[in-house]
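In order, the protein sequence lines correspond to chains A and B.
First residue of the first sequence: 2, per my numbering; consecutive thereafter.
First residue of the second sequence: 2, per my numbering; consecutive thereafter.
Please keep in mind that the hints were generated in silico from the structure rather than gathered at the bench.
Heads up, some of the hints might be wrong.
Claimed, not checked - Simulated crosslink set (EDC-like; lysine to aspartate or glutamate; CA at most 20 Å straight-line): (1) A:Lys205 to A:Glu193; (2) A:Lys172 to B:Asp12; (3) B:Lys173 to A:Asp12; (4) A:Lys303 to A:Asp207; (5) B:Lys9 to A:Glu92; (6) A:Lys58 to B:Glu65; (7) A:Lys9 to B:Asp233; (8) A:Lys9 to B:Glu234; (9) B:Lys172 to A:Asp12; (10) A:Lys9 to B:Asp101; (11) B:Lys9 to A:Asp207; (12) A:Lys173 to B:Asp12; (13) B:Lys204 to A:Asp12; (14) A:Lys95 to A:Asp233; (15) B:Lys49 to A:Asp233; (16) A:Lys49 to B:Glu65; (17) B:Lys357 to B:Glu385; (18) B:Lys9 to A:Glu234; (19) A:Lys171 to B:Glu385; (20) B:Lys58 to A:Glu65; (21) A:Lys204 to B:Asp12; (22) A:Lys205 to B:Asp12; (23) B:Lys9 to A:Asp233; (24) A:Lys9 to B:Asp12; (25) B:Lys205 to A:Asp12; (26) B:Lys171 to A:Asp12.
Claimed, not checked - Okay, the calculated beta carbon distance ranges per label pair: (27) B:Pro36 to A:Glu89: 25 to 35 Å; (28) B:Arg295 to A:Lys172: 37 to 47 Å; (29) A:Glu89 to B:Asp310: 41 to 51 Å; (30) B:Ser11 to A:Glu404: 56 to 66 Å; (31) A:Lys303 to B:Glu65: 19 to 29 Å.
Computed from a predicted structure; not experimentally measured.
Don't be surprised by glycine CBs; every beta carbon is placed ideally from N, CA and C.
Number of protein chains: 2
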Amino acid sequence: MPKYTFDKWSDIYANRVKTLRSSAVRDLMSVADMPEVISFAGGFPDVKDFPAGRILKTTTHLMENSKATALQYASSHGDEALRKIIVELLESEKIYVDTDDMMITFGAQQGLDLLAKIFLNPGDIVLAESPTYLGALNAFITYQAQVVQIKMDKNGLIPKELEKTLKGLKKKPKFLYTVPSFQNPSGITLSETRRKSLVKIAKKYDLLIIEDNAYSALRFEGDPLPTLRSLDENIIFLGTFSKIFFIPGARLGWLVAPRAIMEKLLFAKQAADLCCGSLPQKLTEHYLTNYDWRKYAQKMIKKYTKKRDVMLAALKEHFPKEAKWTYPSGGFYIWVTLPEFLDTTEMLAEAVNEQKVAFVPGEGFYYREGGKNKMRLSYCLPSEKEIKEGIKRLAKVVKRNMEIYRSLER
Amino acid sequence: MPKYTFDKWSDIYANRVKTLRSSAVRDLMSVADMPEVISFAGGFPDVKDFPAGRILKTTTHLMENSKATALQYASSHGDEALRKIIVELLESEKIYVDTDDMMITFGAQQGLDLLAKIFLNPGDIVLAESPTYLGALNAFITYQAQVVQIKMDKNGLIPKELEKTLKGLKKKPKFLYTVPSFQNPSGITLSETRRKSLVKIAKKYDLLIIEDNAYSALRFEGDPLPTLRSLDENIIFLGTFSKIFFIPGARLGWLVAPRAIMEKLLFAKQAADLCCGSLPQKLTEHYLTNYDWRKYAQKMIKKYTKKRDVMLAALKEHFPKEAKWTYPSGGFYIWVTLPEFLDTTEMLAEAVNEQKVAFVPGEGFYYREGGKNKMRLSYCLPSEKEIKEGIKRLAKVVKRNMEIYRSLER
């Protein structure tokens, strides 16, 4: 698709379109598809070992026993049986809800879109971590919100910084969006003490929290930490089947919200797409009921742990000593900080075209300024061998750019 | 779910939430599920005879040969191979496009949501038929548009009325939304002459048209008419797999738009849900490639034709002479007009609770006023026997309400 097209409709677009921006993830999607490129760009789970026979058996069962519902429209709320299963899963995270407190969404991304739709007027303020998930930024920006990002350190969002921001704002923010576990893009996890502080601050300032829990089941080491939702039932909680339970191919997520908010969300869901597909919902329900998905999850966790270790070792071996990076104890991402004078967006073309390696430049994870010298590396999809080779190639790009800068400095 | 919940968040909702309204279709969904109720409410295709073995074989093929893509995230644009197939299908409707002119959406409903998102500011005007599809109304109302509805007669939208409206408006409308073939809810089809007039008027007034083509393949009799899109390539064209090609369970639709508009839609799609599921896209692609879906479509058209005839005959036999209804030559719906003093919304509870029969009250298909004495009847899902019985029961409710009114009149 050509980048610029003559646009005779430009005078009839909504104001919100002017703020929309292309996602680096999408632009890289085509690149990541090329077999010769080693891609650390997308947060794509490794599905090579997924027991496909289970999907087959489940489909067989569905077509033989419940064709009339599996092929039909579903309710806006989502499949009741599937919601029951999620309710049970959540109990193990000490979240006690009823199926009516939950809706099935088209990926966790839809949950973000629906929440933005029901809460955000143009000019409204949303709080988020700095950096934050670019899909969330896109959802909020589409509704013309301003996103104020709060500093993090290696223990996650800094409560003092949050409080400082809250005191300094002239307008009350609509909500705080946070990914407390193995954050996208930083890989950082919010410590237990801070989780408690965060909930306390939210109560004090009457601040609604949206907790995105996409990655918490992908823990490599250490004890699980309480979800924010388990500490306060006013918190909105997003989950997804894409990363571990099941497969991104089904594109199903879920959302837990206080009942009054859920009513608004259901209206918004109807206007957006009526309902999620029955077939993927029934497939997921039967898969979770009939198979030991936890065993597969454990296997995948081992695999991702090794991949992370390989990437960390390769970074240490090949990257210049001026570079720093995070140590994720779960999830998919390592966040690399290069010297301030480097621009990762500029480096991307060279990396892809000359070294055949891709990553996501840091800028996309910031509302306005920031991230120029940062990059997100995903270790989830490439093989260990590819990770070693890809980091070696990427290090060449980084070092070359540092040399150029220094030679110009002289 | 209780209808009213104490809502301590009521002060932080977006303004657009205040205009959201519940869909009669959703509220009836639970009712329609009860086995003792004969439902003429939902536009649900009859999937009882769908050759489920094909889905099984297709799934087997996918799991054995392309697991890594079928279970993975897809691109925001949609699966390339699937778009190619749709491009070929559209050629038979004399629409000549390229895969880049098209995106896959999560049902045609998502297409409406994305279009509303990129075009509508609060207070903007949208034109539509009177009555119009309630899902479209919901999508537009969510973005706080005002919908101006244009009168129809048995040949569809009246061009003179459209021109009168266009001349009378103080503000230029953003677009006209139309369902030219077997319209939802009226079952009416726009005549060929009028199609040409409509396109001419749109050109004259520089009015963007959105053509919803959900039902055109479900023609029972007569020659196919040209789509509006085949008459002018500036028209946005929506299609769906839910009604005939495939199954609502997959929830896939598509959207054809001028390239410049497509760029905006892709941004909006990313922010909404990143991409459609790979699995349903691959399933649909393989199904359409490897099976004679036209044969199944022909079989279904025969079935729906008989169901329509049974419903028309039953209406003639049982409904009072004061009632009028449309004669659809395709699609799923008959639109019934009762004497002005009757209120179908009020009648619904009696119909469901006492007579165990459901329909959609007319009000939902109007932006503001109108439709109180109208109802939409779908003949697609119930069996012929159920249609006969259901219309008999519904006639009882109608007649009883007429008698009550008349006894009060005296």
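We went through each hint and held it up to the structure:
no. : hint                             : result
1   : A:Lys205 to A:Glu193             : holds (19 Å)
2   : A:Lys172 to B:Asp12              : holds (13 Å)
3   : B:Lys173 to A:Asp12              : holds (11 Å)
4   : A:Lys303 to A:Asp207             : violated (40 Å)
5   : B:Lys9 to A:Glu92                : violated (26 Å)
6   : A:Lys58 to B:Glu65               : holds (13 Å)
7   : A:Lys9 to B:Asp233               : holds (15 Å)
8   : A:Lys9 to B:Glu234               : holds (13 Å)
9   : B:Lys172 to A:Asp12              : holds (13 Å)
10  : A:Lys9 to B:Asp101               : holds (18 Å)
11  : B:Lys9 to A:Asp207               : holds (11 Å)
12  : A:Lys173 to B:Asp12              : holds (11 Å)
13  : B:Lys204 to A:Asp12              : holds (16 Å)
14  : A:Lys95 to A:Asp233              : holds (11 Å)
15  : B:Lys49 to A:Asp233              : violated (46 Å)
16  : A:Lys49 to B:Glu65               : holds (12 Å)
17  : B:Lys357 to B:Glu385             : holds (17 Å)
18  : B:Lys9 to A:Glu234               : holds (13 Å)
19  : A:Lys171 to B:Glu385             : violated (64 Å)
20  : B:Lys58 to A:Glu65               : holds (13 Å)
21  : A:Lys204 to B:Asp12              : holds (16 Å)
22  : A:Lys205 to B:Asp12              : holds (17 Å)
23  : B:Lys9 to A:Asp233               : holds (15 Å)
24  : A:Lys9 to B:Asp12                : violated (39 Å)
25  : B:Lys205 to A:Asp12              : holds (17 Å)
26  : B:Lys171 to A:Asp12              : holds (17 Å)
27  : B:Pro36 to A:Glu89: 25 to 35 Å   : holds (27 Å)
28  : B:Arg295 to A:Lys172: 37 to 47 Å : violated (58 Å)
29  : A:Glu89 to B:Asp310: 41 to 51 Å  : holds (48 Å)
30  : B:Ser11 to A:Glu404: 56 to 66 Å  : holds (59 Å)
31  : A:Lys303 to B:Glu65: 19 to 29 Å  : holds (26 Å)
Hints 4, 5, 15, 19, 24, 28 from the list above are not met by this structure, while the remaining hints are.
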